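Novice: Use the sequences and the hints to build the structure in full.
So the protein lines, in turn, are chains A and B.
Each step along the first sequence adds one to the number in our numbering, with nothing skipped, and position 124 is 1034.
Each step along the second sequence adds one to the number in our numbering, with nothing skipped, and position 245 is 567.
Rather than coming from a laboratory, the hints here were simulated on the basis of the structure.
Any given hint could turn out to be false.
[Claimed, not checked] Label-pair restraints from in silico Cβ distances:
#1 A:G1004 - B:L463: 20 to 26 Å
#2 A:Y1044 - B:Q357: 25 to 31 Å
#3 B:L637 - A:A986: 39 to 45 Å
#4 B:I638 - A:I982: 34 to 40 Å
#5 A:I1001 - B:E340: 58 to 64 Å
#6 B:A469 - A:I1001: 19 to 25 Å
#7 A:E1082 - B:K781: 30 to 36 Å
#8 B:A699 - A:A986: 48 to 54 Å
[To be verified] A few chain B residues that don't get close to chain A, going by computed Cβ distances all over 10 Å:
#9 L468
#10 Y674
#11 I682
#12 L755
Bear in mind that the values here come from a model prediction, so they are computed numbers and not experimental data.
All residues carry an ideal CB built from backbone N, CA and C; glycine is no exception.
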Amino acid sequence: MSSRPASSRPPIYGLMAEFSDPNELIAAIRQARAGGYRRMDAYTPYPIEEVAHELGIHGNHLPKLVLAGGVIGMCAGYALQYWTSVIEYPINVGGRPLNSIISFMPITFETTVLTAAIFAVFGMLALNGLPMPYHPVFNVPRFALASRDRFFLCIEATDPMFDRELTRRFLERLVPRSVAEVEH
Amino acid sequence: MSVETGREYYGVSQVPPEIIGPGQTFETVTDRISQVVLTRETPKGWFIGLGIALMLLMVFIMSVSMLLAYGTGIWGLNIPVGWAFDIVNFVWWVGIAHAGTLISAILLLLRQKWRTSINRFAEAMTLFAVSCAGLYPLMHLGRPWLAYWLLPYPNTMGMWPNFRSPLLFDVFAVSTYASVSFLFWFTGLIPDLATLRDRSQNFFGRTIYGILALGWRGSARHWERYETAYLLLAGLSTPLVVSVHTIVSFDFAVSVIPGWHATIFPPYFVAGAIFSGFAMVVTLSIPIRKYYDLEDFITLKHLDNMARVMLATGLIVAYGYMMEAFMGWYSGNTYERYMVYARIFGHFAPAYWALILCNIIIPQMLWFKKVRANLAALWVISLVVNVGMWLERYVIVVTSLSRDFLPSSWFRFVPTFWDWSTFIGTMGLFLTLLFLFIRVLPMISIFEMRTLVPGAELKEELHEAPEASR
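Specialist: Below you can see the structure in the form of structure tokens.
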């Protein structure tokens, strides 16, 4: 494959460098950012706050989504109890008011928590684009180690600065354990 | 701290050394924990354990079949003791479940890093205990096949449930608790399922774990949202777990039965739930860490901390017993005063004194460091607490009901063979699920353990502002 000229090779997803230490990865991201690269992602075996920070990821919309879920659950839970107990099937239980606000609180609370939790989990998966049956990064055999002990930086081909040879040389200067092309 | 910076909860600095054994690295942590699942040779002990669990499960299936065939008459309960073993066992199992959520949610919010190696396991315990608990009210319905009548759905009878009843609160509380616990547990599993997918040596492992991992690839952007979701779930689960046992206690406290109608019930039930739940985690984790050689991950420090939580919640429970007796006397109500007397000196007095011995007197040994460090002693104490907490529910449920307002309706409850076999049978269900879990899923959160190893320590200079160097 290296015998053919760069232009005739099929396009790739990006170039991936492998590191064995979180500090090396953070230093590499910092240098790549300084070098003008923007479209990249890091893959780590556990969450590292500094990695997200260096990649310029600040906050997300999940909390708002979960709040919305909670409000929906709260309204729906109370509405269900109000409608059934006051409108559809009014029944006098020991002279208590039909709209027994205090008695309706426990179930309202439960539906709030349930809906918010469902929004949290499925919202997180949806925003992350999961489940995703196929992704190019898995074409790199060594990427299996991303879920064990290795830290990967992938500069994507959609980056305006991306050049197959120059970017590869750039990544090699960061002294990674390996650099690999990520095929589509 | 805002939700956005939730990842700080996994912060890697200032880890006390004793919560993970020396010399651990990313590789050893990953390999050691995933090997339990991915090994080709299933240990013999696992087969023996599962075999015993399956035998008990068959006892359960037999008991339920008898119940479905003959009805609740096979049990020893009868009016006025309409609730007996089924509700005692329901409350006992729900209580045990609480430790899992406490460890995974409340200790996460309190930044207790030692929770990391026990949370997965405790969450699984929560799910299985809730499964056992949920079966009891269903079996107690008399016609369990009509259990869906509990749910509000439009039906041809034109009827709706009574939303003012704590029994209906319970339906919502327990089903919400089971659902949220499952979501929390599964969310925590996703990155570890990806590890199993990548490390599995055979086609089935790769396929099944691959499907379950949902294509997780550890992207920094994904981790960011993942941690926000995890933290929000912890924040949602914390009031939920307190609400569940509070609502269970409403089943009693909202009624007018002497010995039940007390405002102290909600906090006293929640403390008891945590007490029994931690006892169950200790009961299960001591043999498992020994058998699977996980002493580096579930260290003596963990057991010591759990013993301290048991001691503290045990004292809250002891205070609850004292206040229960005091309020009975102070109420000046004949029936309430008689109930205190009946519990302490009446027909069920042996159960009452046994529960005082198991829940108050014996756990005081946990004040001593030597006892907390002695695994055999700690294990026995945890079993004693489990027994004691079961007795507590037995005393609350059965004594109050059997000594009604009218002496003419008093009833002496005697459990039958089927009462016992159903109870022992649910232990079979619990253990079967637990053994299967240990075999097919990582029982310790691998990705969270990675944050504890020395290699995860970030260099100080990296925290400073970036320099534009090339």
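Novice: Taking the Cβ atom of G1004 (chain A) and the Cβ atom of L463 (chain B), is their distance within the range 20 to 26 Å?
Specialist: holds (24 Å)
Novice: A cut-off of 10 Å on Cβ-Cβ distance, and L468 (chain B) was said to be off the interface with chain A. Does that hold?
Specialist: holds (18 Å)
Novice: Do the Cβ positions of E1082 (chain A) and K781 (chain B) conform to the proposed distance bound of 30 to 36 Å?
Specialist: Given a distance of about 23 Å, which is not inside 30 to 36 Å, the answer is violated.
Novice: Does Y674 (chain B) clear chain A by more than 10 Å, comparing its Cβ with all Cβ atoms of that chain?
Specialist: holds (30 Å)
Novice: Is the Cβ of L755 (chain B) farther than 10 Å from every Cβ of chain A?
Specialist: Holds: least Cβ distance 22 Å, greater than 10 Å.
Novice: Taking 39 to 45 Å as the hint, is the beta-carbon distance of L637 (chain B) and A986 (chain A) inside that range?
Specialist: About 41 Å separates the Cβ atoms of L637 (chain B) and A986 (chain A), which means 39 to 45 Å holds.
Novice: Could one say that the CB atoms of A469 (chain B) and I1001 (chain A) fall in the range 19 to 25 Å?
Specialist: Cβ of A469 (chain B) to Cβ of I1001 (chain A): about 22 Å, so the range 19 to 25 Å holds.
Novice: Would the least Cβ to Cβ distance between I682 (chain B) and chain A come out above 10 Å?
Specialist: holds (31 Å)
Novice: Is the distance from the Cβ of Y1044 (chain A) to the Cβ of Q357 (chain B) consistent with 25 to 31 Å?
Specialist: Given about 28 Å between the Cβ atoms, the range holds.
Novice: Quick check: does the Cβ-Cβ distance between I1001 (chain A) and E340 (chain B) fall within 58 to 64 Å?
Specialist: holds (59 Å)
Novice: State, for the Cβ atoms of I638 (chain B) and I982 (chain A), whether the hinted interval 34 to 40 Å holds or is violated.
Specialist: Between I638 (chain B) and I982 (chain A), where Cβ atoms are some 36 Å apart, the hint holds.
Novice: Determine whether the Cβ-Cβ distance between A699 (chain B) and A986 (chain A) falls within the hinted range of 48 to 54 Å.
Specialist: Check passed, 51 Å falls within 48 to 54 Å.
Of the hints listed earlier, the one the structure fails to meet is number 7.
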